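Visitor: The lines below spell out each chain.
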Amino acid sequence: GNSVTQMEGPVTLSEEAFLTINCTYTATGYPSLFWYVQYPGEGLQLLLKATKADDKGSNKGFEATYRKETTSFHLEKGSVQVSDSAVYFCALGDSGAGSYQLTFGKGTKLSVIP
Amino acid sequence: EAQVTQNPRYLITVTGKKLTVTCSQNMNHEYMSWYRQDPGLGLRQIYYSMNVEVTDKGDVPEGYKVSRKEKRNFPLILESPSPNQTSLYFCASSPTESYGYTFGSGTRLTVV
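Chains A and B, in that order, are what the protein sequence lines are.
For the first sequence, the working numbering assigns the number 485 to the initial residue and increments by one for each residue that follows.
For the second sequence, the working numbering assigns the number 56 to the initial residue and increments by one for each residue that follows.
These are computed hints drawn from the structure, not numbers from a lab.
Model, not experiment: these values are computed from the prediction.
Each hint should be verified, as a subset may be incorrect.
[Unchecked claim] One side of the interface only, derived from the structure: several residues of chain B facing chain A at Cβ under 8 Å:
#1 Tyr-65
#2 Asn-81
#3 Asn-83
#4 Tyr-86
#5 Leu-96
#6 Gly-113
#7 Pro-116
#8 Gly-118
#9 Tyr-119
#10 Glu-152
#11 Ser-153
#12 Gly-159
#13 Val-166
[Said to hold, decoys possible] Derived DSS-like pairs (lysine-lysine); straight-line CA-CA distance at most 27 Å:
#14 A:Lys-590 <-> A:Lys-561
#15 B:Lys-72 <-> A:Lys-590
#16 A:Lys-590 <-> A:Lys-536
#17 B:Lys-126 <-> B:Lys-73
#18 A:Lys-590 <-> B:Lys-112
#19 B:Lys-72 <-> B:Lys-120
Every residue gets a Cβ at the ideal spot worked out from N, C-alpha and C, and that includes glycine.
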């Protein structure tokens with residue numbers, strides 16, 4: 485079956501540091517890949533997505549590139565802010581065999597300190 | 056405002072007492088889904104629906120029921136809740152499988 489593995493947290497960074505959160509996946513078909521963010525006490529928000537190999541998703545300074553050869557979709561940001569403190573989820577959407585399932589990683593908690 | 060609305064936000068109930076968590080979206084989305092979020096386990100899909108009257112099991116469907124009689128509504132039914140269903144539940148909707156889900160604000164359920 486499909487699965488998503490992301491680096492375990494928590495991750496603590498100083499403001500303006502470079503962020504990488506690793507995400508790798510296993511899928512039988514040709515999935516779409518997503519990063520979601522969850523701020524404390526809130527639901528999940530779609531941060532960025534990529535629907536095919538070599539696509540780069542970007543939003544709010546975050547980027548991730550769909551790498552089919554390494555089955556990865558790592559999240560990066562060049563300079564984090566305190567307001568980026570949240571839990572980040574990598575997810576895989578697979579619509580093979582006439583069904584649709586969205587599978588999440590377990591989440592990585594990011595704390596950014598001033 | 057485009058949104059997914061869940062009710063209630065918080066619910067405490069007793070074992071065995073049937074309950075329904077409602078979910079409604081105003082975006083005319085085809086796909087809807089229910090997830091539960093538990094510490095250390097992340098989000099797990101309970102059920103999803105690809106259109107009216109079309110539903111399918113996710114990863115953890117035991118103890119839950121759903122229905123999709125109208126496009127906008129996708130209620131989650133717990134016929135006989137048990138303490139292991141204590142969790143944070145999210146409803147979500149999407150226009151297509153590659154677009155990405157819009158999530159509701161969540162329902163925190165406690166079963167005692």
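Visitor: With reference to the structure, classify each hint as holding or not holding.
Guide: Status of the hints after comparison with the structure:
no. : hint                    : verdict
1   : Tyr-65                  : violated (12 Å)
2   : Asn-81                  : violated (16 Å)
3   : Asn-83                  : violated (17 Å)
4   : Tyr-86                  : holds (6 Å)
5   : Leu-96                  : holds (7 Å)
6   : Gly-113                 : holds (6 Å)
7   : Pro-116                 : violated (12 Å)
8   : Gly-118                 : violated (19 Å)
9   : Tyr-119                 : violated (16 Å)
10  : Glu-152                 : holds (4 Å)
11  : Ser-153                 : holds (4 Å)
12  : Gly-159                 : holds (6 Å)
13  : Val-166                 : violated (21 Å)
14  : A:Lys-590 <-> A:Lys-561 : holds (20 Å)
15  : B:Lys-72 <-> A:Lys-590  : violated (31 Å)
16  : A:Lys-590 <-> A:Lys-536 : holds (23 Å)
17  : B:Lys-126 <-> B:Lys-73  : holds (24 Å)
18  : A:Lys-590 <-> B:Lys-112 : holds (20 Å)
19  : B:Lys-72 <-> B:Lys-120  : holds (14 Å)
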